[in-house]
Amino acid sequence: MDGSIDPKEIKEAWIGSLKTGGAQLGNLAPLLIEQVGLAGMPACSIENACSSSAYAFRYAYMAIKSGICDITLAGGVEKMNDLPRERNRYWLGVSGDVEWERLAGTNFPGVYAMMALRYMHEHGMKRERLAEVAVKNHKNGARNPDAQFRSEISLERALRAPMLAYPLTVFDSCPITDGAAVAILCRGDLASKYTDTPIRVIGSGAASDYLAIHDRKDLTTVAAAQKAADEAYKQAGVKPKEVDLAEVHDCFTIAEIMAYENCGFAGKGKGGELIKNGETEIGGKIPVNAGGGLKSKGHPIGATGVSQIYEVVKQLKGEAREKTRQVKGAEIGLTHSVGGSGGSACVHIFRR
Amino acid sequence: MVGIIGHGAYIPRYRIKAEEYVRVWGNFAPGIEEKTVCGYDEDTTTMAIEAADNAISRAQIDPEKIKMVYFATTSSPYVEKLSSSTIATAVGAGQDVRTADFAGSTKSGTEALLACFDAISEYGLVVASDFPVGAPDDDNEHAYGAGAAAFVIGDGNPVVTLEKSYSVSGEVLGERFRKVGEIYIQDLGLRTSQFPIFIRRSLKGLIKELGEVEINHVILQQPDGEAFRAVREFKFTDIQLRGGLVAQTGDTGAASVLLSLANVLDQAKPGERILIASYGSGAGSDSLSLVVHDEVEKMGEKPTVKEQLEEKEYIDYVTYLKFRKVLSTFGGDK
Amino acid sequence: MTSYVSIPQYSNTIDQRYRLIAKKCKSCEIINFPPRQTCLECGSADFQNVKLSGRGRIYTFTIIGRGGAPTEFDDLQNMTGEYAVAIIELEEGPKVVAQLTDCHSNPNEIKIGMEVKAVIRRLYEQERIIRYGYKFKPIADG
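Protein chains in written order, with this note's numbering: chain A, 1 to 352; chain B, 1001 to 1334; chain C, 2001 to 2142.
Hints are computed from structural coordinates only; laboratory data are not their basis.
Since the model is a prediction, treat every value here as computed from it, not as a measurement.
From the three backbone atoms N, C-alpha and C, an ideal C-beta is built for every residue, glycine too.
It cannot be assumed that every hint is accurate.
[What the hints assert, rightly or not] Simulated restraints, written as ranges between beta carbons of each label pair:
hint, chain 1, residue 1, chain 2, residue 2, range
1, B, Arg1023, A, Pro84, 13 to 23 Å
2, B, Asp1316, C, Glu2109, 45 to 55 Å
3, B, Val1022, A, Arg157, 37 to 47 Å
4, C, Gly2043, A, Glu99, 14 to 24 Å
5, A, Glu122, B, Tyr1184, 25 to 35 Å
6, A, Glu99, B, Glu1122, 33 to 43 Å
[Claimed, not checked] Quick list of in silico lysine to aspartate or glutamate cross-link-like pairs, EDC-like style, CA-CA up to 20 Å:
hint, chain 1, residue 1, chain 2, residue 2
7, A, Lys268, A, Glu231
8, B, Lys1017, C, Asp2102
9, A, Lys217, C, Glu2029
10, B, Lys1312, C, Glu2115
11, C, Lys2137, B, Glu1311
12, C, Lys2137, B, Glu1307
13, C, Lys2051, B, Asp1062
14, B, Lys1081, C, Glu2115
15, C, Lys2095, A, Glu122
16, C, Lys2111, A, Asp218
17, C, Lys2024, A, Asp215
18, A, Lys217, C, Glu2125
19, B, Lys1325, C, Glu2127
20, B, Lys1325, C, Glu2082
21, A, Lys217, C, Glu2041
22, A, Lys217, C, Glu2092
23, C, Lys2117, B, Asp1118
24, B, Lys1322, C, Glu2125
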């Protein structure tokens, strides 16, 4: 908990969740709100697959910007570990194009694998670059007490792991995770009342794209993320090179490579060089996923978007306590969230 | 002149060798070297669609002009629900079409062919497709193989015309039957098999009506490699009988004689005469004589039966059981 | 527990699944497959039906590892092991996601650019109804 606030001051809440397992498909947000003693407050569930709570945050932000609310809450939650394998696979495959993509027998690992193979084919990138993303994110996750996997892995181990969907191995993939995250937003001029170190939202961009990957012209990019990032940068008035750290949606390692490009940290087809040269390590030119990313911190679908914001806020406050994880002097941070294979995306930029 | 204006065949990719059965069970059906096997995602309907597409391309007609689709099998994916309508839809036959499924007997292929000849209007499509289903621990199962053949019948310049046919019937008990609700073909293995008797009766009837004519090809129902024994008295030569496929496909049930007919048409010469004798237990036999015309040399290029037989991949017995869904507790359904 | 494309929804796409009937845009002449409400290229909603040849090339592919299939394909995967899924670039232009069949699910035997053709196969079964549809198989010597 950062700062302190009387919960009754919060005017409205948005909760992101895919509601994996189906335990409470309808009216999830009102249930969660009344369980913490806030019955009566307007609350709404937001679903945009893996970017659900990034969108919850965006709407909480927009409600303040519109002048309707002074203080809002954005959260996300997902409980995935208590499902039988079959049910988990069912839920993991509900956010891509069902009619033509899923019924061709593919799912998210398969879709990202096809993007990865096409990326490698078009840009001549080697599989080692993907494995290096996994190695880096495990290294960072090992230093994050909130991470699901807190052990480092070797490049050899990542490369030799069993294939999940060629060319992606199990180490190219994020895990099944339980988790929840909450952020409380307030009007900028009121923030000092609640905290000494407010972190400002300076850009919020979002976009969608053709859901089915066969309808997309270019499979080596996530067009929705590119649009969302461009919009966020425009609002924030900052350039990619001014960003001090980013938490990006590395549901699969290829997604992080594409995120480098969509966030403007690398040119098109050059994402692999960034990881190869260590530039996205903590201490590098633009540290990415200092918290371990989805790969190591875990990917509780609906909670992931706000959990990325949690990490960036910690970093900008200088409170990533484990010294080796703190990006020193970070002032501007970015979060990049992608729903499914890129049907939706949401990018936020923050300043200390 | 009404006749067959295009033929097509489909043989699935997978094969299992006689030796593999011998390794597992110690024995195998006589006269069969290997048999054809459907992939996991195939059935008699998918094989029929592929054979029908080949026949329609050979006939070089607009599929929308097809007004009849007759389908024959002993192994329909549904016991009740028309497979012929699935096939008609898939080949683009349009909606104003008469469809019929001929089932319940290995002679349903010739039944469908004769029925189409009897009632033809504009173009008709006859497809026989089969992969009979036996219990894994029943010796009768060993021979069952997969394949499909299709024929477009119409009024025009036929490749083959039907000269005469002769059918016989009788009450035969205990041979190749399935009661309601049963999955597997049963056969009591009686020593008094009626197969040779019925085949001989219908062939004799046909030959008597034909009189003294030259016969170039003889196609018999082939439940195993020993069907030729039934017709010894006719003194057919190996050359006349060479169109038979059982050694390479196994017993393709309702598709047996029509798949052999497709094979014969792949290489037949104008003026040749083809005799066919089918058999269905329980029981009956249809004999047909067909005459080949000059158009046989002008047909569109499609994969021949021989070419498809050469395109193959051998599987082991466990893979075979998996492809047949015998090892699946779901039987494919989820 | 499975995902759900209802029988009526599936039935509405029989022309596509059995026969690859596409929608050709009357204004920009681009072929849309699977059909869309508005043209992928120009946004027009005025189409005419065209039948695709079913021939194309592999644009990209993957091999779905054991235990990774959507639940509709559990039995397929149990009985046949890993299977390949590809994006096929059809010769008329559109791209489509489909399973590969009659080939080894081995990355060394499947190549981007490889020629394939459509065949009708059983996709999966649900509610005891067989869902047929197109898959693609390599063209020999392609």
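Against the structure, the hints:
1. B:Arg1023 to A:Pro84: 13 to 23 Å: violated (38 Å)
2. B:Asp1316 to C:Glu2109: 45 to 55 Å: At 19 Å between Cβs, range violated.
3. B:Val1022 to A:Arg157: 37 to 47 Å: Distance hint for valine 1022 of chain B, arginine 157 of chain A holds at roughly 45 Å.
4. C:Gly2043 to A:Glu99: 14 to 24 Å: Between glycine 2043 of chain C and glutamate 99 of chain A, where Cβ atoms are some 21 Å apart, the hint holds.
5. A:Glu122 to B:Tyr1184: 25 to 35 Å: violated (53 Å)
6. A:Glu99 to B:Glu1122: 33 to 43 Å: The hint (33 to 43 Å, Cβ to Cβ) holds, given that glutamate 99 of chain A and glutamate 1122 of chain B are roughly 36 Å apart.
7. A:Lys268 to A:Glu231: Satisfied, since the Cα-Cα distance of roughly 18 Å is no more than 20 Å.
8. B:Lys1017 to C:Asp2102: At roughly 18 Å apart (the allowed maximum being 20 Å), aspartate 2102 of chain C and lysine 1017 of chain B satisfy the hint.
9. A:Lys217 to C:Glu2029: The hint holds at about 17 Å.
10. B:Lys1312 to C:Glu2115: holds (19 Å)
11. C:Lys2137 to B:Glu1311: holds (13 Å)
12. C:Lys2137 to B:Glu1307: Given pair lysine 2137 of chain C, glutamate 1307 of chain B holds - Cα atoms ~17 Å apart, limit 20 Å.
13. C:Lys2051 to B:Asp1062: holds (13 Å)
14. B:Lys1081 to C:Glu2115: violated (35 Å)
15. C:Lys2095 to A:Glu122: holds (17 Å)
16. C:Lys2111 to A:Asp218: Since the Cα atoms of lysine 2111 of chain C and aspartate 218 of chain A sit roughly 19 Å apart, the hinted pair holds (cutoff 20 Å).
17. C:Lys2024 to A:Asp215: holds (15 Å)
18. A:Lys217 to C:Glu2125: Violated: lysine 217 of chain A and glutamate 2125 of chain C sit about 32 Å apart, past 20 Å.
19. B:Lys1325 to C:Glu2127: holds (17 Å)
20. B:Lys1325 to C:Glu2082: Holds, at about 16 Å.
21. A:Lys217 to C:Glu2041: holds (10 Å)
22. A:Lys217 to C:Glu2092: holds (15 Å)
23. C:Lys2117 to B:Asp1118: Since the Cα atoms of lysine 2117 of chain C and aspartate 1118 of chain B sit roughly 36 Å apart, the hinted pair is violated (cutoff 20 Å).
24. B:Lys1322 to C:Glu2125: Holds, at roughly 16 Å.
This entry does not satisfy hints 1, 2, 5, 14, 18, 23, going by the numbered hints stated previously.
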